[in-house]
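Got chain A; can you put chains B, C and D on it based on the hints?
4 protein chains.
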Amino acid sequence: MNAPADPQFASRIRASFGRQKAMALIGASLAVVEPGHVEVALPYREDLTQQKGFIHGGIIGMIADTACGYAAFSLMPADASLVTVEYKINILAPARGALVARGEVIRPGRTLTVTRGEVYAEDGKHVASMQQTLMMLAGTPDTPE
Amino acid sequence: MNAPADPQFASRIRASFGRQKAMALIGASLAVVEPGHVEVALPYREDLTQQKGFIHGGIIGMIADTACGYAAFSLMPADASLVTVEYKINILAPARGALVARGEVIRPGRTLTVTRGEVYAEDGKHVASMQQTLMMLAGTPDTPE
Amino acid sequence: MNAPADPQFASRIRASFGRQKAMALIGASLAVVEPGHVEVALPYREDLTQQKGFIHGGIIGMIADTACGYAAFSLMPADASLVTVEYKINILAPARGALVARGEVIRPGRTLTVTRGEVYAEDGKHVASMQQTLMMLAGTPDTPE
Amino acid sequence: MNAPADPQFASRIRASFGRQKAMALIGASLAVVEPGHVEVALPYREDLTQQKGFIHGGIIGMIADTACGYAAFSLMPADASLVTVEYKINILAPARGALVARGEVIRPGRTLTVTRGEVYAEDGKHVASMQQTLMMLAGTPDTPE
Numbered sequence: 001m002n003a004p005a006d007p008q009f010a011s012r013i014r015a016s017f018g019r020q021k022a023m024a025l026i027g028a029s030l031a032v033v034e035p036g037h038v039e040v041a042l043p044y045r046e047d048l049t050q051q052k053g054f055i056h057g058g059i060i061g062m063i064a065d066t067a068c069g070y071a072a073f074s075l076m077p078a079d080a081s082l083v084t085v086e087y088k089i090n091i092l093a094p095a096r097g098a099l100v101a102r103g104e105v106i107r108p109g110r111t112l113t114v115t116r117g118e119v120y121a122e123d124g125k126h127v128a129s130m131q132q133t134l135m136m137l138a139g140t141p142d143t144p145e
Numbered sequence: 001m002n003a004p005a006d007p008q009f010a011s012r013i014r015a016s017f018g019r020q021k022a023m024a025l026i027g028a029s030l031a032v033v034e035p036g037h038v039e040v041a042l043p044y045r046e047d048l049t050q051q052k053g054f055i056h057g058g059i060i061g062m063i064a065d066t067a068c069g070y071a072a073f074s075l076m077p078a079d080a081s082l083v084t085v086e087y088k089i090n091i092l093a094p095a096r097g098a099l100v101a102r103g104e105v106i107r108p109g110r111t112l113t114v115t116r117g118e119v120y121a122e123d124g125k126h127v128a129s130m131q132q133t134l135m136m137l138a139g140t141p142d143t144p145e
Numbered sequence: 001m002n003a004p005a006d007p008q009f010a011s012r013i014r015a016s017f018g019r020q021k022a023m024a025l026i027g028a029s030l031a032v033v034e035p036g037h038v039e040v041a042l043p044y045r046e047d048l049t050q051q052k053g054f055i056h057g058g059i060i061g062m063i064a065d066t067a068c069g070y071a072a073f074s075l076m077p078a079d080a081s082l083v084t085v086e087y088k089i090n091i092l093a094p095a096r097g098a099l100v101a102r103g104e105v106i107r108p109g110r111t112l113t114v115t116r117g118e119v120y121a122e123d124g125k126h127v128a129s130m131q132q133t134l135m136m137l138a139g140t141p142d143t144p145e
Numbered sequence: 001m002n003a004p005a006d007p008q009f010a011s012r013i014r015a016s017f018g019r020q021k022a023m024a025l026i027g028a029s030l031a032v033v034e035p036g037h038v039e040v041a042l043p044y045r046e047d048l049t050q051q052k053g054f055i056h057g058g059i060i061g062m063i064a065d066t067a068c069g070y071a072a073f074s075l076m077p078a079d080a081s082l083v084t085v086e087y088k089i090n091i092l093a094p095a096r097g098a099l100v101a102r103g104e105v106i107r108p109g110r111t112l113t114v115t116r117g118e119v120y121a122e123d124g125k126h127v128a129s130m131q132q133t134l135m136m137l138a139g140t141p142d143t144p145e
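Residue numbers (this note's numbering), protein chains in the order written: chain A, 1 to 145; chain B, 1 to 145; chain C, 1 to 145; chain D, 1 to 145.
Same shape as in the complex, but just chain A (with noise of 0.2 Å):
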């Protein structure tokens, strides 16, 4: 259902997931790169944490938002690019651990792409759901001006 426009589309998302340099910060990787469906694996880190000892809601919200916006990516041609509108996140339960978000495309569109996004801890947990709005920019591309 979800063909991709760019048959070499997982090379540009790990290229674009390459320039992002607050993924590098955070210690946060490309885990699986599909048609509609992204992950970002974060393991975990001390310095990634809130008051109370656990991982940063916004940080979870962080990699759920870019699996989320990949996962749109990947259904786009090569010469767009896209940028994130809203997303909303409940989050689920705290996390202490190793996280991974999985974004999916629930609706991909010609100007705007829903997609949801599910954070897990390495035991299980459901951490996080997220629902997110993106714009794709035609004939933009996707590096710095």
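These are computed hints drawn from the structure, not numbers from a lab.
Do not rely on the hints blindly, as some may be mistaken.
Any copy will do: because identical chains look the same in the list, a pair fits if it lies in one copy or spans two.
Lysine-lysine pairs mimicking BS3-like chemistry, simulated, CA-CA at most 30 Å apart [as the list claims (entries may be wrong)]:
# : residue 1 : residue 2
1 : LYS52     : LYS125
2 : LYS125    : LYS21
3 : LYS21     : LYS52
Just chains B, C and D now, with coordinates in the frame of chain A:
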């Protein structure tokens, strides 16, 4: 209207923020601490950016989540802590400079508190808007177990 | 996984739905009532439309909110009621026919429950996606005071 | 700041609202129509209630969605129409009387507009807060095809 339940709320918030290693990681600091209103400042750093060179949307979410959370925390009793239930954020404009996130309580409650956050760039540009729900945990310390 | 706390949950939901005068106003009915999963059906009527002749987005929100709320309610003790804390809905496609809203519990909780809803048209088109948070009120009847 | 692109915006909005059969069904009316600011009034009626006798949360969402949508519409060119992309609403307090929903544009845009809505009861109680995203359809009439 928003009277703090604990007169020592500001020092309590500063100590809590100081325990947030994730805030230290990204270089954020507390700029304003008032009852029902907290601001978090974030200087620009290249390692906070996404693939196009703008501040990562998840980083914007982190500082807005934190500002809103402490705005709620400012109105709570000294022996309570809180958790973020969920938030929704619209990214209104790309950002490539220092940011400030302003959190405000719009509906304080015994169990749930609803807040709003605005993120602005140093040139005054409106970068993001958040609406957030938090839950108070009565009699639960705001420190690692 | 989602075991109902009250074996009479289905009759309790049917009675509660029957008290919802707003559901009668729009012609909605309960189609499926299972533990953690409830569906609400809405036949097409011209008086449910907006200015362009499509079903009003707020009506779509109403049936999704209701399906998700009863999905949560299905897992609650017999003496509890609940309130919608918040919901977020993406309208994925315009609708001009009968609809069904499917609500599912994704994280049941003692205080807060998180659900998701999908709205489909009779031709299978995916019309809307919701993510919702509810709060249980223990020992509070689900009837007018 | 919010200058209307079409000086006839108010009559255009009144005509569009008049075509919304769903607004007639629930008895809602336009109370204020200004550039970037629209209010929708809803008298209390028993057939708008949920199982506990309060106004249905979905009805509250309907009037907030509509007020926000027309706030966005007030700034658009005469030949454009718009669709609701998504909204998020927090129900802050139960309501058992007449309501007014106030929609405001917080970020007008060529493609996407972001709005906020507040719903108040006649006694001044703050009932709900919404944050909404809309998409402009240029050169598309705001009437049935």
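Hint check results:
In this homomeric assembly, LYS52 and LYS125 come within 30 Å of each other (Cα to Cα) only inside a single copy, at 19 Å, whereas the closest approach across copies is 33 Å. In this homomeric assembly, LYS125 and LYS21 come within 30 Å of each other (Cα to Cα) both inside a single copy, at 28 Å, and across copies, at 23 Å. In this assembly of identical chains, LYS21 and LYS52 lie within 30 Å of each other by CA distance both inside one copy and across copies; the values are 26 Å within and 10 Å between.
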